[in-house]
Every structure is written in C-alpha cells, then in structure tokens.
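**Q** Chain by chain, the residues:
Number of protein chains: 2
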Amino acid sequence: MHARKVTAIAYPNIALVKYWGNRDHTLRLPSNDSLSFNLGDLRTTTTVEIDPSLSHDEVTLDGRTIGGAAYERVVHHLDRIVDSVCATQEVNGRSRTRMRVTSINTFPMGVGIASSASGFAALTLATCTVLGMKPSEAELSSLARLGSGSACRSIPGGFVSWHDSFAITIAPAQHWNLMDVIAIISNEHKTVSSTEGHALAETSPLQAARITDTSRRYELCRQAIMNCDFAALAEVVEQDALMMHAVAMTSQPSIIYWASTTLNILSAVRELRESGVPVTFTIDAGPNVHCICEQHALKQVKQMLWQMSGVIDVIQSGVGGPASVIAQSHGSHDDTQQVTPFHISPKDRV
Amino acid sequence: MHARKVTAIAYPNIALVKYWGNRDHTLRLPSNDSLSFNLGDLRTTTTVEIDPSLSHDEVTLDGRTIGGAAYERVVHHLDRIVDSVCATQEVNGRSRTRMRVTSINTFPMGVGIASSASGFAALTLATCTVLGMKPSEAELSSLARLGSGSACRSIPGGFVSWHDSFAITIAPAQHWNLMDVIAIISNEHKTVSSTEGHALAETSPLQAARITDTSRRYELCRQAIMNCDFAALAEVVEQDALMMHAVAMTSQPSIIYWASTTLNILSAVRELRESGVPVTFTIDAGPNVHCICEQHALKQVKQMLWQMSGVIDVIQSGVGGPASVIAQSHGSHDDTQQVTPFHISPKDRV
Chain A
0 MHARKVTAIA YPNIALVKYW GNRDHTLRLP SNDSLSFNLG DLRTTTTVEI
50 DPSLSHDEVT LDGRTIGGAA YERVVHHLDR IVDSVCATQE VNGRSRTRMR
100 VTSINTFPMG VGIASSASGF AALTLATCTV LGMKPSEAEL SSLARLGSGS
150 ACRSIPGGFV SWHDSFAITI APAQHWNLMD VIAIISNEHK TVSSTEGHAL
200 AETSPLQAAR ITDTSRRYEL CRQAIMNCDF AALAEVVEQD ALMMHAVAMT
250 SQPSIIYWAS TTLNILSAVR ELRESGVPVT FTIDAGPNVH CICEQHALKQ
300 VKQMLWQMSG VIDVIQSGVG GPASVIAQSH GSHDDTQQVT PFHISPKDRV
Chain B
0 MHARKVTAIA YPNIALVKYW GNRDHTLRLP SNDSLSFNLG DLRTTTTVEI
50 DPSLSHDEVT LDGRTIGGAA YERVVHHLDR IVDSVCATQE VNGRSRTRMR
100 VTSINTFPMG VGIASSASGF AALTLATCTV LGMKPSEAEL SSLARLGSGS
150 ACRSIPGGFV SWHDSFAITI APAQHWNLMD VIAIISNEHK TVSSTEGHAL
200 AETSPLQAAR ITDTSRRYEL CRQAIMNCDF AALAEVVEQD ALMMHAVAMT
250 SQPSIIYWAS TTLNILSAVR ELRESGVPVT FTIDAGPNVH CICEQHALKQ
300 VKQMLWQMSG VIDVIQSGVG GPASVIAQSH GSHDDTQQVT PFHISPKDRV
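Protein sequences appear in the order of chains A and B.
Counting in numbering that gives the first Met the number 0, the first sequence tops out at residue 349, every number present.
Counting in numbering that gives the first Met the number 0, the second sequence tops out at residue 349, every number present.
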C-alpha cells in the first residue's frame, strides 16, 4: 500500500539564460531554452495528504488557507496529476479523493523570488509520490512545468538546462561554488505577474530576435558554467537579462519591472566587477536584483548592497540539489517516517 | 563680392523615432529613418568669419577657445565644406584662408541636449554662406550630417523626417503645438558619447530587429503627427525610445544611459498620462528625460518634474523653424548687416 501523506522539498531557481515567452501558453512550452541553478538555501516544503473525509481540496500556504485564483491553480494541478495517473491506474479524476496541501517557504513570498517554481516542483513530487506514481525525473519535470513553467527547472539538481518540455542537470550543485545574493527592493508600483509578461512577450518587435539569438547565449553560458569561467558568465548573464527586460519594456503594453534602486545596483555591480570582484547581475520579472558571485566575493557583495538606499533586505543562497521526498506516512495515523531524500538516478532520466 | 562674415542660427531637435547606428560610419549614413522636431526655444548662434590674417582656424564655444578632438572635428568640417566648393569654385582647400568660428548656445552643453545637432547645422549654414555657396536645403542637410548625424534634421524647420542622406520638413512648426519639457538629471556616472553608441549598435543582437521594425514605427509616428493624435504618438514614441535603449543596453560592451531618476520619471509620466494628461517620454543618449506634451499640459508636467528628487533643472521648448542666416557683413570692417532670416523655398528642396 502506498503512502497517504508525503512531504517533499524543492528549491527556487535563478535563470542565467532566461525563459521569456511561450510557444504554447496552455502547455507552457517555452519560446526558448534556458539555464538556471537551484537556490539550495531557500526551500519550499510541501506536504500532500490524501484524506477521504475532505469534501474539497484544502490548500495552506505559509500557515494561511488560500482561495481564489491561487487556490484554483493548485487544484487544477492536482487534477492534472491525478488525470495523468488515471489513464493507467485506478484513481478516478472526476470524483477523486480530495487532498490537503500544506506548503511552507523559508523565504518571503511576493518579493520576486520565484516561489511558484519551488512550490509547483515540491507539489508535483509530493502529489505523484502520494499517488504511488514512480515518474522519471523528466516526467516529474514535465508535470511541474504545466503548473508553472520554470518549476520544471526546480526538479533536477544543481545547474539545470530546460529544453522544450523538461529540464535536466548539466552539472551538479558542487560543480561551482556560486552564490546568489538577492537585493530585495522597496517598490511602490504594482508589478505585472510573470505569467502576464510571458503572454505579452510576442507583442514586442524584439522578441523574435531574442529567441533567434538564444542558441548563442545558451552555448556561451553553458561553456562558462562548465569551465567555471566567471568573466564569460558575467558577460552573457547580464546581456541575457537585459534582453529579457528589453522585450518586456517594448511589449504592448510596455512593462518596466525596474525600480530606481534596481538601476543603482546594476551600476554598482559593474563598478565592483571592474575593480576585480567576481560579481554579475540578473533580474527576473520584478525590481529585485540577483547578484551572482563566487563564494569568496560574498562579503564584498553584501556590503555593497547594504550600503544602497532602497535595499530593504538581502537574501543569499548557494547552489542547491534536486527536489526530494523527505517524509512519508503509510497510514491514516500520524506515523510519519523520515526518509533519505529521494533522488532520481541518472538512468531514470530521459 | 560675397560676405566675409556670416551669422546663422539653428535649433537642436528631439527625435520621436530615433536614429541609432550607421550603415556607413564615415559618411554617417543612418541604419534607419528617423523623425524629429526642432526645439525652437533653444538656439545655437554661430558666426563664421574668413580672416586672411589667421594662421590657423580659431574656434570659440560659449566664450571658451577650444582645442583637442572637439576643435579637430570643427576644422575637419570646415575643410569638408571648402573641399566641396573647391571642385567648382576658386577656393583652394589645401591652403585655404583660415576662419574664426564663434558659437553660443542658449542652453547648457554637456547635459544631454544635442548641441552637436544645432551646432553643426548652424556651422554648416554659416560656412556655406560665407563661402558664397547657394546650396539647396537638401545639400545643406547632407553637409551638416557629415559633421554630426542628427544635425541634418536641424536644417529644415518644424517636424522633420531624415531618410538616408538628408532630412526634409513633413509639417511646419505651427502644425502642432507640442512642447518638449526636459528634465535635467544629476548623474554621477560618465556617459558614453552618442558617436560611440552608434558605433556599438550593431553589436547588439537586437539591432537588426529594431531596424527591420522601423518602417512600422516611422509610419505610426508620421500619422500621429499628421493627425495630431497624441495617444497614438505616446505609444510609438515610448516604444521607439525603449527600443533604442534596449539596443544600447545589450550592445557589447553594454551601455546603460539611465540614472535612477530617469526611471522614476518614466513611471511618473505614465501615471500622469493615465490620469488624462497628454504627456509622453523619450530619452536620448544620456539620463535626461524629454517629456513631450501638448501646450495645455505644460504646467502639470513641469510641476510633476520639479517634485522629483534628482531633477536639477527643467528646460522647455516649443517646436522651432529651420536653420537661418541672421546677419552678414561684406567687408573687413565690422559693418554687420541684419538680414531677414534665410529661408530655403520649397522649390530648392530635392
């Protein structure tokens, strides 16, 4: 008999070559390949429990029961996973047993760190496991992608490449001791969600050129990672981030994600690098700046950021491993059993 | 006998569809067509005097004798004009009589208002006139372009289109009562010159797409001008400016012209427009923001700008006319004669 309650963890990831725009919005198939690494010091822990006594799914996020669109998005993802089992197994998607989902982040939500990536990765792994599925890493990654595009990159560990429907590891976490030092910026303006941003990407006259150029940036970035070549990494990572924001700014309507402090940090990062410190920047769909640096530069980068006005918090993380199952219980009582983190062996990868 | 001393005026111009990048750097032939209007309340007044007693050209700018690269650029332009006369007239380019050039701006230099445009336009007109040439407007515009690309747009009056080698008026100054309200921004970082920016444009993976898309933006902007349609103008002017900066930011090396205040103004302009005020922004190769508005919105736009921290000055201008000769003297004595502003009749246009 398979577990009735499973807890999984996953890490958010930071893209070095960005995903921006879909070639299929419903399937969240990306317009271009991307590269990222997992942020191993930030974590989402998600428990999924099958409970026959529930009349509807329950979703709790950081201690708060959620409803509305965010709730529907989670329920839709549970349906999707159950439906995928349905074809070969006994679970009935139409009148399936309801689930209790409890998710906790070790990092603040809504500050522009992609909690949807780690959230949907952990949710996918916990749900598949509680349903007794034994998906390959590629299958897990594909399923997670349907919940949130970049979640597919939070399934494999370390440095990750997302090509088309799923993501794979290109180098393990210990390959290169990079740090992501995230400047959290006060921002008075409402931010457009990344889902909306993806949908608008194709309205920019620059998006096609960005996509066409991806293979060049991807290969430069992949080689910089494989060779641990920071100077090469910095050049391509900044150009890639600026190209994504170029597309967002020139979309119709235009989206400017940056706050004034964002620009001050870009300038400070470049100055610091010119003085010999291995640091570079990237920016996701919001005003925060991710300062990527080598471990030995950590102190200088943090000092620089804390000196900037407009920086309200600084969060750091090293490179993290894959999503993993950390606990399972097999009965209706709370006989939770700690397990060795679940790791998919390379042979399971497609 | 023709004049030995001629004074001409010209206005800087603000591009609504930007020139960025050259298909021929030496000839300053642009990568794409552009549209602008002259800033009639800002003015460069340039006097060129042929003086046989001089052993070398003398150039005075805002009361200061200049040397170095700026001096060489002016002398090279004088040589070029003299050489163009040489082919058909009596002046010898090799051992030509030297000239005294005196130029005064009514606006501060080096704050990002394109004084090279009005400067080279006035210099070209004054020099041609003192040499007894009778160039058409198109010939003047072409000659001015060789000194500084956008100077070709400061030769004709009003709303101006630059296609390939020279610029023409598409609507006179009085066609539409637009204002340019320029926020001068304090900027601690050195700025890359626009000449360097143009040279780097082709290193951006986005420049080709920007050029290809120009005909669409140009036509939208031209129609918005012809119809005095502010909403249509705002959309295309902002997108065009952001596309130029997208190219600059993603050039190799990358150029970020904006300061933090720049971004705050972009955001404030959009908010003001959403509240019903006809205002839009554009940005040249520097941190200053040109807020383009209809005359009746002037007060609100200025109020908004003066409230922003980081704004150190606000300069305004309406739409201006063509470059014109305002004084000529025919002898070696100072018998300067005021003349009706020189205006090239439409039949002289190519």
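None of these hints come from the bench; they were simulated from the model.
Where is the CB? At the ideal position from N, CA and C, for every residue including glycine.
Warning: the hint list may mix true and false statements.
[Unchecked claim] Partial list, derived from the structure: chain A residues whose beta carbon lies under 8 Å from chain B:
no. : residue
1   : Met248
2   : Trp257
3   : Gln294
4   : His295
**Q** Decide, hint by hint, whether the structure agrees.
**A** Hint-by-hint comparison with the structure:
no. : hint   : result
1   : Met248 : holds (4 Å)
2   : Trp257 : holds (6 Å)
3   : Gln294 : violated (26 Å)
4   : His295 : violated (25 Å)
Hint check: violations occur at hints 3, 4; the rest are consistent with the structure.
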